[in-house]
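> Listed below, chain by chain, are the residues.
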Amino acid sequence: MSKLRTPVTDKDDQTGNLKGKAVLVEYGDYQCPHCGHAFPLVKKLLQEMGEDLHFVFRNFPLSEVHPLAYDAALVAEAAGRQGKFWEMHDMIFKRQITMTEDSFAQYVSTLKLDPKRMQADIADQAIIAKVEDDFESGVKSGVNGTPTFFLNGERLNSYDGSYESLKEAVEAAIT
Amino acid sequence: MENTLLQKGTTAPDFELHATPDQKLKLSDLRGKNVILAFYPADWSPVCGDQMALYNEMLKIFKKQNAEMIGISVDSKWCHMAFSQDRKMHFPLLADFEPKGAVSRAYGAYNEKEGQCKRALFVIDENGIIQWSYLSPDSINPGADGILDALEEISNAKK
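Protein chains in written order, with the numbering used here: chain Y, 1 to 175; chain F, 1 to 159.
Only chain Y is shown next, with the shape it has when bound in the complex:
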C-alpha cells in the first residue's frame, strides 16, 4: 500500500542531482496550503543536499476543493515546454496566498514566457494528459492527500511538516 507504483522517468518534472542517491517524489497541489508550507522546506533541502537529492514533482490537484489547482498545474507544465517549469512552480508556490485566476498571465509575463505559446500549450492534450496521469499514478500509489512524499519508492510517513523530518529521512537514505 505504501509503494510508489509508477517509477520516475524522464517525462517527470525533476531537479537536483538526477543521479542522486535519494529520490524524493512529491505529489502536490499548487493551491494546497500544506504544499505551500512544504515548498520552502524542499527548496532548502535541495540547497543543502542537492548533491545527493533527486527531486520529482507530480501533480495531484484537488480541483473541487482548490479551484485554481488544476489550471496552475497546466500552467506549470506548459511553462516547462519553454524550459521554465521550475521557475513557474516556484512562482506559483511563492504567491500561493494571493493567487487568483488572473495571476497566471502576470506570472507568464514576469517569467518572460511566450504568452501565445503558453495559451496553446495549456490546452494541449499531452499537457492535460500529463496532469491527469500524474494524479492517477498518485491514487494508484495510495496518495490520499497532499503533499505526499515518496523516498526511494517508499511512502515517507515520517514527514510531520518540519524541515528536520524531511532532512533526517533523506540523510538516512544516502548513508
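Be aware that one or more of the hints could be misleading.
Away from chain Y, derived, C-beta distances all over 10 Å, residues of chain F [claimed, not checked]:
(1) Met81
(2) Gly128
(3) Pro137
Restraint ranges, calculated between C-beta atoms of paired labels, are given here [said to hold, decoys possible]:
(4) F:Glu98 / Y:Ile97: 36 to 46 Å
(5) Y:Leu111 / F:Lys159: 44 to 54 Å
(6) Y:Lys11 / F:Asn156: 24 to 34 Å
(7) F:Glu98 / Y:Glu101: 38 to 48 Å
Calculated from the structure, these hints are not laboratory results. Yeah, the Cβ is synthetic: ideal placement off N, Cα and C, and Gly gets one too.
On the provided structure of chain Y, position chain F as indicated by the hints.
Frame of chain Y; chain F shown alone:
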C-alpha cells in the same frame, strides 16, 4: 449479530436510502455497474472530508472502470445536502438515518459505541457480489489504491 465486515463473495445486501431530500437510491438499480460503497463516520469531520474530496476528483477514473461511487453515513439527508453543496460533491451521499445505521449494520460497518458508520469500503461487481472489502481505522483516510486494484481485478477476470 456479529459485527464483522462482509467479505468477498457475499451478496451485497440490497437497500434503498435517501440520496437527496426527495430522491432515493436503490442498490439493485445499479446492477450492470460496479459499485463502490464508502461508509464513513460523519459529514464535516476532517478525515472524511479529505477522503470524500479525493473520491470526488476520481469519478472520471472510476467511470473508466464502469464504477459508481456512493458515500454512506448516518447523517440526515439535509446534512448531506449541505455538505455536498459545500464541497461540490458529484456523487451521491446516502443517509443511513432511519432506522439509524440499519444498512451499515447489515454490512458489518456500524460502530455501536459511537453510533456512526465505521470507515469501510466495499467494491461490488455488476452482479451485486462483494468483490473486496476493507476496514480502515477511523482516523486514517484509506485513499483509493485498494479500490482501484479491486476494480482492475474485476475487469481482468472478465477478459
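> Next, verify each hint and record whether it holds.
Now for the hints, and whether the structure bears them out:
1. The Cβ of Met81 of chain F sits about 16 Å from the closest Cβ of chain Y, beyond the 10 Å cut-off, so the non-interface label holds.
2. Interface exclusion of Gly128 of chain F from chain Y stands, the closest Cβ pair being 25 Å apart, more than 10 Å.
3. Every Cβ of chain Y is farther than 10 Å from the Cβ of Pro137 of chain F; the closest lies at roughly 13 Å, confirming the non-interface assignment.
4. For the pair Glu98 of chain F and Ile97 of chain Y, the supplied restraint of 36 to 46 Å holds, since their beta-carbon distance comes to about 44 Å.
5. Taken as a hint, the range 44 to 54 Å holds for the pair Leu111 of chain Y and Lys159 of chain F, whose Cβ atoms sit roughly 48 Å apart.
6. Checked against the given bound of 24 to 34 Å, the beta carbons of Lys11 of chain Y and Asn156 of chain F, roughly 26 Å apart, stay inside it.
7. The hinted window of 38 to 48 Å between Glu98 of chain F and Glu101 of chain Y holds, with their beta carbons roughly 43 Å apart.
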